[in-house]
Amino acid sequence: MKVTIPNLGNITLIAAKSLFVNLGHEVIMPPPNSKRTLDLGVRYAPEYCCLPLKIVLGNFIEGLEKGADTLLMVGGWGPCRFGYYAETQKRILKSLGYKFEMISLEVPRGNLLHQLHYVHRLMNKNSFSTLIKSFRLAWAQVVAIEDLEQEALRTRPREKIKGETTKILQAGFSLMERAQSVEEVEKIKQKTLKNLERIKDQGKEDLIKIKLVGEFYVALEPFVNHNIEEKLGYLGVEVERGVSVQPWVTSALNLNFLKGGQKKEGPVEKAARPYLPHSVGGEGQPTVGNVVLASERGLDGAIQVIPFTCMPEIVAETVVKKVSEDLDFPVLTLIYDEQTGEEGLVTRLEAFVDLLKSKKLNRCLT
Amino acid sequence: MGNFKIGVPRALLYYEYSLLWIDFLEGLGAEVIVSSPTTKELLDLGVKSAISEVCLPVKVFYGHVMSLKDKVDFLFVPRMVCVEKGAYFCPKFLGLPDMLKSSLSPLPPLIEPTIDVRKSATNFKNAFLEVGKSITSNSKKIYCSFIQAQKNFWLYSAANKLEEGDLNQLQINQPINKSSKGEGISLNVALIGHSYLLDDSFVNLNLISKLKKAGVNILTAEMVSKKEIEKQLKKLYKPLFWTLSKKTVGAALYFLEKKIDGIIHLSTFECGEDSLVGEIIRQESHKYPSVAYTEFVFDEHTGEAGINTRTEAFLDMIIRRKIYESNHT
Ligand code: SF4
Ligand code: SF4
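Going down the list, the sequences are from chains X and Z. Numbering that gives the first Met the number 0 applies: residue 0 is where the first sequence begins, and numbers increase by one. Numbering that gives the first Met the number 0 applies: residue 0 is where the second sequence begins, and numbers increase by one.
The set of hints was computed from the structure by calculation and includes no laboratory data. Quick reminder that beta carbons are idealized off the backbone N, C-alpha and C, glycines included. All clues given are correct.
Distance condition first, Cα-Cα at most 27 Å in a straight line; then the derived BS3-like pairs of lysine-lysine:
| # | chain 1 | residue 1 | chain 2 | residue 2 |
| --- | --- | --- | --- | --- |
| 1 | X | Lys98 | Z | Lys237 |
| 2 | X | Lys269 | X | Lys208 |
| 3 | Z | Lys233 | X | Lys89 |
| 4 | Z | Lys124 | Z | Lys84 |
| 5 | X | Lys190 | X | Lys159 |
| 6 | X | Lys321 | Z | Lys47 |
Okay, the calculated beta carbon distance ranges per label pair:
| # | chain 1 | residue 1 | chain 2 | residue 2 | range |
| --- | --- | --- | --- | --- | --- |
| 7 | X | Trp76 | Z | Ser17 | 24 to 30 Å |
| 8 | Z | Lys160 | X | Leu326 | 47 to 53 Å |
| 9 | X | Pro30 | Z | Arg309 | 37 to 43 Å |
The whole structure should be built from the sequences, with the hints applied where relevant.
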């Protein structure tokens with residue numbers, strides 16, 4: 000079984016890959032996202048569906064071209080359309096004549112047998128303890144990657160030589176890729192953190208701080224969001240991420256019972272409550288809650304990134320407009336589709352950062 | 000409470016539940032004011048007050064709310080989450096009251112019961128009874144009013160269903176008389192899609208009356224029994240989890256299987272459900288080459304002339320195909 004996994008930043012490139020390699024599968028990663036990936040997706044996906052579906056479809060086609068015969072996806076049960084992605088992609092790829100098996104992991108519902116079959120295939124005759132071990136390693140990688148990336152967001156606007164943060168990060172990640180134990184992952188993480196600390200200009204304390212919120216995939220996949228985090232960093236902005244893979248994995252695997260039963264209302268949902276008391280699927284409610292919290296914590300602004308036609312984020316966008324007005328907290332909503340160009344984006348980011356800067360200056364003067 | 004007015008926007012799920020809602024509210028002694036059918040002005044109001052990314056039906060809803068808001072004491076905008084196991088409404092219904100409150104102010108207070116049967120089997124009823132309590136303290140009146148409204152609602156939906164075998168009586172695949180060149184036959188065409196597209200003749204640019212004028216016998220998902228829809232949906236490898244789209248897809252599969260003459264799928268440009276559901280129906284339709292299939296996509300810029308041309312072309316194609324078939328069999 001030659002498995003391919005859609006690209007999602009370093010998370011799939013390192014952690015997901017390591018999980019399946021350690022279970023003894025041959026993993027064929029799709030080539031890095033490129034213009035071609037996007038073009039393939041756009042050509043074969045339904046015209047009005049959201050951007051993530053198109054790019055992942057492109058990943059699958061490029062993975063199949065490289066010889067994969069098994070496609071790995073996660074599913075779900077709505078209300079946003081993500082839950083029906085895998086099924087739609089499977090149909091499209093079959094109609095294009097590709098031969099493959101699609102393994103779409105989700106909480107079983109009326110299709111328990113399919114899911115058991117999938118798990119059986121992925122377990123690959125390994126013992127349960129091997130599975131746990133591989134999973135723990137992959138999980139440690141996920142946590143380390145996200146911690147390092149977040150730290151890099153603090154370092155980049157303070158680096159003395161442009162580009163050094165990215166270099167250090169990449170060096171750390173290429174070691175991380177080969178890590179064989181949780182301890183090793185931890186060691187690499189600590190070392191990379193130290194390296195990042197070293198290049199910081201400690202004099203730069205009071206930078207513009209922006210919360211990055213929005214749809215999961217667009218927020219986390221740098222090719223898709225045109226590397227928005229790095230761009231902001233070079234504009235001297237410290238970015239704080241509002242989206243993370245970790246809660247998403249636990250809820251997708253329905254591991255919530257590990258954390259004490261039913262899903263509880265977290266601080267983010269609670270903050271969203273006066274404006275959006277009900278979940279609307281995807282990251283809709285967290286987007287609103289994170290904006291409220293960011294304003295309370297004195298950040299300078301927020302950027303919401305969403306794919307064109309995204310259902311939960313359009314609800315969130317509507318609500319966030321009100322939040323932004325009420326709290327006098329600037330929010331920039333960026334809508335991505337296949338035509339989104341890099342130049343236009345840079346102009347808008349620069350204008351937004353200028354606005355935040357002058358607002359901050361005014362505040363200091365009065 | 001004395002005589003007060005509750006506004007019900009004639010948009011979105013009004014087209015599914017109006018009977019239930021209005022009967023219930025009137026039974027409680029409220030004066031119910033339904034906004035007038037969609038017009039250009041109304042749509043413009045909606046387009047102006049909603050963010051541009053939102054789908055056409057929600058913009059239309061905004062327009063109706065705008066037209067009502069100064070005339071009523073309350074607005075009835077339920078938060079429809081889930082009315083059956085395993086399926087939801089789309090995220091925009093889940094956040095509809097909040098979207099309105101965020102972008103339109105001042106608004107009269109909203110009556111916004113959350114309908115979510117996942118919470119308990121009696122949630123649907125309870126949500127209504129809860130609404131009743133905020134209007135009158137007479138609990139017997141509330142209860143009776145709900146039961147009566149629900150009964151009427153069920154009777155009405157049942158009356159519209161096709162009896163088993165009805166479709167055959169419609170003489171599906173009516174043979175074409177060669178010499179008539181297709182004159183005088185009536186085609187069976189199904190219109191599928193969200194009811195707020197199908198039943199709002201302003202939004203669909205009078206599609207129904209156009210088809211009727213052309214002598215088309217129109218079939219809709221309303222005519223297909225719930226049981227039949229569930230049966231058809233079993234054909235999908237993965238169950239669908241949207242209440243509205245289940246009906247659309249189930250009905251489409253049914254009409255395909257019955258090999259009616261044609262199916263038109265009405266969808267809207269920014270609709271999240273339609274983008275995937277349209278793909279499923281399109282692919283399934285390939286399995287039934289004798290059924291003509293097309294999709295009409297609506298947004299606020301769709302022009303009537305374009306729809307006219309496309310309708311004519313679609314009907315022409317069906318007739319030509321039928322003539323061809325009758326010549327070759
Ligand atoms: S959250 Fe938005 S972009 Fe992501 S799958 Fe759902 S609708 Fe598409
Ligand atoms: S189902 Fe589609 S058309 Fe209806 S509200 Fe949701 S996105 Fe809009």
